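Engineer: Sequence:
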Amino acid sequence: TPTYFQLLLADINACRDKSPTARDWRDVEQQLLTWQYQPGEHTFTESWMTITWYAVQESWRLGLLAYLYLAVCGTSSDDLRIQSCIRQTLQIVGAVKNCGSSNAHVSFFVQYLMVGICAQSELHRKAVRDKLSASNETKLWILRAPEFVPVLDHLWHGAAAGGRPIKWCDYMRSREAMLPVIL
Numbered sequence: 001t002p003t004y005f006q007l008l009l010a011d012i013n014a015c016r017d018k019s020p021t022a023r024d025w026r027d028v029e030q031q032l033l034t035w036q037y038q039p040g041e042h043t044f045t046e047s048w049m050t051i052t053w054y055a056v057q058e059s060w061r062l063g064l065l066a067y068l069y070l071a072v073c074g075t076s077s078d079d080l081r082i083q084s085c086i087r088q089t090l091q092i093v094g095a096v097k098n099c100g101s102s103n104a105h106v107s108f109f110v111q112y113l114m115v116g117i118c119a120q121s122e123l124h125r126k127a128v129r130d131k132l133s134a135s136n137e138t139k140l141w142i143l144r145a146p147e148f149v150p151v152l153d154h155l156w157h158g159a160a161a162g163g164r165p166i167k168w169c170d171y172m173r174s175r176e177a178m179l180p181v182i183l
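Take 1 as the starting number for the sequence shown in the UniProt record's numbering and just add one per residue.
In case anyone wonders, no lab produced these hints; they're calculated from the structure. All values derive from a computational prediction rather than experimental measurement. Every residue, glycine too, gets a C-beta built ideally from N, C-alpha and C. Be aware that a few hints might be false.
What the hints assert, rightly or not - Cβ-Cβ distance ranges computed for the label pairs, FRET-style:
| id | residue 1 | residue 2 | range |
| --- | --- | --- | --- |
| 1 | 157 | 34 | 32 to 42 Å |
| 2 | 146 | 4 | 40 to 50 Å |
| 3 | 20 | 164 | 26 to 36 Å |
| 4 | 43 | 177 | 28 to 38 Å |
| 5 | 177 | 49 | 35 to 45 Å |
| 6 | 144 | 44 | 37 to 47 Å |
| 7 | 178 | 44 | 13 to 23 Å |
| 8 | 51 | 81 | 33 to 43 Å |
| 9 | 21 | 74 | 17 to 27 Å |
| 10 | 17 | 83 | 33 to 43 Å |
| 11 | 107 | 17 | 32 to 42 Å |
| 12 | 51 | 83 | 22 to 32 Å |
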């Protein structure tokens with residue numbers, strides 16, 4: 001995971017939680033909208049690795065924009081900005097999976113989760129369910145990708161049934177119902 005985007009994720013979470021020290025969401029949005037790949041930041045032995053690294057970063061940028069609009073701005077999942085991010089994320093992930101070495105492993109857990117939350121078509125929902133169900137990644141997360149499949153199923157058969165748009169609170173209700181986190 002690119003560190004730069006992890007820091008922006010923390011900023012978005014602070015905005016979502018209305019932390020008194022949170023940055024203005026517009027500043028975070030502007031940072032995401034104007035982000036540009038920095039060539040030479042990492043050196044790879046093969047060109048496909050450079051392209052893949054850029055694509056991973058772009059998928060993070062798009063996923064975080066969708067998350068910002070949905071969770072912080074209260075935008076509905078059918079918003080054109082969100083749907084554009086979701087569509088592009090799926091295209092990028094598909095391109096990365098078809099590129100490079102079969103030994104390479106790239107985690108798209110967060111991106112697939114955002115796509116799943118906002119997915120309106122059954123085709124996108126099936127793709128997300130298949131990817132998250134088959135995932136045996138990552139030991140860095142407290143919760144694993146397959147644990148979110150029942151959450152998304154609850155959302156898709158409840159508030160988002162029939163492709164209806166949802167708000168962040170709809171996702172949270174599904175997450176709390178199917179995957180309660182006790183603090």
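Engineer: Please list, smallest to largest, the hint numbers that this structure does not respect.
Structural biologist: Going through the list in order, the structure violates hints 2, 4, 6, 7, 8, 10, 11 and respects the others.
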